[in-house]
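This is what each chain is made of:
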Amino acid sequence: AQTVTQSQPEMSVQEAETVTLSCTYDTSESNYYLFWYKQPPSRQMILVIRQEAYKQQNATENRFSVNFQKAAKSFSLKISDSQLGDTAMYFCALGQGAQKLVFGQGTRLTINP
Amino acid sequence: NAGVTQTPKFQVLKTGQSMTLQCAQDMNHEYMSWYRQDPGMGLRLIHYSVGAGITDQGEVPNGYNVSRSTTEDFPLRLLSAAPSQTSVYFCASTEAFLRAGYGYTFGSGTRLTVV
Chain E
1 AQTVTQSQPE
11 MSVQEAETVT
21 LSCTYDTSES
31 NYYLFWYKQP
41 PSRQMILVIR
51 QEAYKQQNAT
61 ENRFSVNFQK
71 AAKSFSLKIS
81 DSQLGDTAMY
91 FCALGQGAQK
101 LVFGQGTRLT
111 INP
Chain X
114 NAGVTQTPKF
124 QVLKTGQSMT
134 LQCAQDMNHE
144 YMSWYRQDPG
154 MGLRLIHYSV
164 GAGITDQGEV
174 PNGYNVSRST
184 TEDFPLRLLS
194 AAPSQTSVYF
204 CASTEAFLRA
214 GYGYTFGSGT
224 RLTVV
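For the protein sequence lines, the chains are E and X, in the order given. Going by my numbering, the first residue of the first sequence is number 1, and it counts up by one from there. Going by my numbering, the first residue of the second sequence is number 114, and it counts up by one from there.
Source of the hints: derived by calculation from the structure; they are not laboratory data. Given the structure is predicted, the values throughout are model-derived calculations rather than measurements. Nothing false has been slipped in among the hints.
Some residues of chain E that are not near chain X, with every Cβ distance over 12 Å (derived):
1) M11
2) Q56
3) S76
4) K78
5) Q83
6) L84
7) G85
8) T110
9) P113
In silico SDA-like pairs for lysine to any residue, Cα to Cα no more than 25 Å straight-line:
10) E:K70 with X:R157
11) X:K122 with E:P40
12) X:K127 with X:V173
13) X:K122 with E:R43
14) X:K122 with E:S42
15) E:K73 with X:G171
16) E:K78 with X:P152
17) E:K73 with E:L47
Note that CB positions come from ideal geometry on N, CA and C, so glycine has one too.
Just chain E, same shape as in the assembly (with noise of 0.2 Å):
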């Protein structure tokens, strides 16, 4: 079975300041994707960034990026020059195949002012 971690509930850090959410995540094929969504609180998810497993290199999307460790089943999200509007929950999730993600529990993130 595939499983999602996400280990932070909540963070809460200055604007401006870097953020690092951490991922972890289990399974045992060799061919998938890792996501990281945004859901502020208008309810909508929102893509943030999508690694594909067979890509060594780090997916970075502007002040987003991430730490893709694939032996370790590690993927964590930087947040660079964290801004009010970044406050958050924020979910990573594994996909294989086209027929489901799975998610973690989510992390609430603030950015204070």
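Let chain E serve as the given structure and place chain X on it in line with the hints.
Frame of chain E; chain X shown alone:
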């Protein structure tokens, strides 16, 4: 606007009532899924479909029914609502992962309360 449309956004049901949550996408995506979100548990898969006429169960299918008669629509039916089904429901769609690797596009969610 292209995307996934869910209706209604909010709903209150009495125990034992039935209802259908609607989901439609206009991106010609093959794959569609329903998830429920509960505090501290992330999102869990209820049912999914890999194309018109094909559906299968996810992690928490009991009490729910789905059908997929067209590519665009994937309604979720609650057969006899129970308080345990109080949750936020999300519909999502995607192209085939192995072709595109996009990740799912989610609807805006339905907050359902069963009293």
